[in-house]
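**Student:** Chains H and R are the protein sequences, given in the same order.
Mapping of the first sequence onto numbering that gives the first Met the number 0: residues 0 to 467, in sequence order.
Mapping of the second sequence onto numbering that gives the first Met the number 0: residues 0 to 92, in sequence order.
Source of the hints: derived by calculation from the structure; they are not laboratory data.
None of the values given here were measured: they were computed from a predicted structure.
Ideal Cβ positions, reconstructed from N, Cα and C, are used throughout, including at glycine.
Some hints could be false.
[To be verified] To spell it out: a stretch of chain R is covered by chain H in this simulated footprint if at least three of its residues, at any positions, have a beta carbon under 8 Å from a beta carbon of chain H; those stretches are: (1) 11-23; (2) 44-54; (3) 60-66; (4) 77-84.
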Amino acid sequence: MSSGLVNIAYLVAASLFIFGLKGLSHPRTAVRGNQLGALGMLLAIVITLVDQSIIGYEIIIAGVVIGGAIGAILAVRIQMTSMPELVALFNGFGGLASILVAGAALLEVPYLVGSGSVALNAQFSLSIFASGLIGAVTFWGSLVAFGKLQGKVNDGAVRYPADQLVKILLAIIALVFAYLMVVYPDSSTPYWLMVAVASVLGILFVIPIGGADMPVVVALLNSFSGLAAAATGFVLFNTVLIVAGTLVGASGIILTIIMCKAMNRSLTNVLFGTFTVTEGGPSADEVYGGKVKSTSAEEVAMLLEGAKRVCVVPGYGMAVAQAQHAVRELFDLLEGNGTVVEFGVHPVAGRMPGHMNVLLAEADIPYERLKDMDEINPSFKQIDVTIVIGANDVVNPVARTDPDSPIAGMPILDVDYSKTVIVIKRSLSPGFAGIPNPLFAADNALMLFGDGKKAVEDMVKSLKDELG
Amino acid sequence: MDSFAMVFTIFVLAAFIGFEVIAKVPPTLHTPLMSGSNAISGIILIGALLSAGAQHTWLTAGLGFVAVVLATINVVGGFMVTNRMLEMFKRKD
Numbered sequence: 000m001s002s003g004l005v006n007i008a009y010l011v012a013a014s015l016f017i018f019g020l021k022g023l024s025h026p027r028t029a030v031r032g033n034q035l036g037a038l039g040m041l042l043a044i045v046i047t048l049v050d051q052s053i054i055g056y057e058i059i060i061a062g063v064v065i066g067g068a069i070g071a072i073l074a075v076r077i078q079m080t081s082m083p084e085l086v087a088l089f090n091g092f093g094g095l096a097s098i099l100v101a102g103a104a105l106l107e108v109p110y111l112v113g114s115g116s117v118a119l120n121a122q123f124s125l126s127i128f129a130s131g132l133i134g135a136v137t138f139w140g141s142l143v144a145f146g147k148l149q150g151k152v153n154d155g156a157v158r159y160p161a162d163q164l165v166k167i168l169l170a171i172i173a174l175v176f177a178y179l180m181v182v183y184p185d186s187s188t189p190y191w192l193m194v195a196v197a198s199v200l201g202i203l204f205v206i207p208i209g210g211a212d213m214p215v216v217v218a219l220l221n222s223f224s225g226l227a228a229a230a231t232g233f234v235l236f237n238t239v240l241i242v243a244g245t246l247v248g249a250s251g252i253i254l255t256i257i258m259c260k261a262m263n264r265s266l267t268n269v270l271f272g273t274f275t276v277t278e279g280g281p282s283a284d285e286v287y288g289g290k291v292k293s294t295s296a297e298e299v300a301m302l303l304e305g306a307k308r309v310c311v312v313p314g315y316g317m318a319v320a321q322a323q324h325a326v327r328e329l330f331d332l333l334e335g336n337g338t339v340v341e342f343g344v345h346p347v348a349g350r351m352p353g354h355m356n357v358l359l360a361e362a363d364i365p366y367e368r369l370k371d372m373d374e375i376n377p378s379f380k381q382i383d384v385t386i387v388i389g390a391n392d393v394v395n396p397v398a399r400t401d402p403d404s405p406i407a408g409m410p411i412l413d414v415d416y417s418k419t420v421i422v423i424k425r426s427l428s429p430g431f432a433g434i435p436n437p438l439f440a441a442d443n444a445l446m447l448f449g450d451g452k453k454a455v456e457d458m459v460k461s462l463k464d465e466l467g
Numbered sequence: 000m001d002s003f004a005m006v007f008t009i010f011v012l013a014a015f016i017g018f019e020v021i022a023k024v025p026p027t028l029h030t031p032l033m034s035g036s037n038a039i040s041g042i043i044l045i046g047a048l049l050s051a052g053a054q055h056t057w058l059t060a061g062l063g064f065v066a067v068v069l070a071t072i073n074v075v076g077g078f079m080v081t082n083r084m085l086e087m088f089k090r091k092d
């Protein structure tokens, strides 16, 4: 097949990716959008397979069968609560694939140059360098993120002396290898040494970032996995790799920016900053002393029975407790009793962008009831009961009131404006920011201590009794 | 225009399109967006197929093979799990 025809087919595939992503702008068109994207991928693969430089299909078939089976099993078996882990893992696989493809291209230099498909110049070497560097940082960074999300790696902010200096030093060493790659363009040694250095850099890059900042990291690594593919596109002069990789790169960067804005922090601060727990703020005893009111599921059921408008604010605790199906039961009961139930979702609630929305969708909550922060905030004054499940910092009014607080200026859900706030939480322990939350001691707040799922189930039971 | 300038132009224009299109995705669909873009970044499979299929040396074929496995996991797993999630967002009447 002529290369002109191949390139036209790649253009069609790239267009299908764009239409596919466009479809994701509404839940109604999203399924079709995803299918268009898959169609584009199929087209790109088929066109590549008829390429004349492919002489044997055995290895390809074996690889596709094995990879396809693993991918399908993961996609079917994964629990919705574990989506952040799966996305982190996929990001990592994309990064590793880029390292390998760029490494293979380097070994193929004698053939590629012979056939005139690439020129052995600085651009070629630097593109290979970029694929390996971004790929290695993505792969190892994603593995660390995966470990943190699984709780197998310390999910706190791990710091050590001179940590920034070590990273800068490693980056400089990687650049030295980039120089060597340009000077010795047909040698593989500097490339693989650079990949080793970038691997350490990837690990050190994510290790200091704490669990609650994972939405930013997962989004950023998502972007990197796309950019690594785009860089490999520069190596192979392959347009569909460049376009598709760049689309993913752009997507990840947009999500990263949204997450940072939702925490009122800069990207630099999330990645390199020390999220300092400020000294001198009010202590937990000062904030809570004698003012925290504990409640029971029965009392909450009575409040809910008379409520006209209820808002549920889910946080990471809802995912941990797998409480989404119990929440759905509560939703049905209340709606059946004539109460309007909405969900207020903070952009950084959970461990990845949109984490809560997926869990609630899994539990069959209609998406029209999922309100984002700007949509729900003006309504809190009209809401009779707000139920906070496993969220803390994103509902801490200190962000509004105390300019010296570490979360000062962070946009929050104004749940304290509603008539009554029920907070379901195991204890009064602080969230990621490490500060007490005056909401728990507010006059209109009641604490329901316990496991999120159990607490909601108890509420459902009491409410059923109540409604007879 | 030399060939590098050409592919660089494609890169920059694709970035602009990406920003325009993705800025319109609502927060509710951000997780499917991430898994769906995982699948799209599986496009690296194209490069992997070429290495695995050209079989210039055993080493390049081996690297290509592993890359084909990894990229196929991304493509198949990514599109399937995204589909599974998006079906849940469909209105059930």
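**Student:** If a hint holds in the structure, say so; if it does not, say that too.
**Tutor:** The hints, checked one at a time:
1. 11-23: Holds: 9 residues of the region 11-23 of chain R have a Cβ under 8 Å from chain H.
2. 44-54: holds (count 11)
3. 60-66: holds (count 6)
4. 77-84: holds (count 8)
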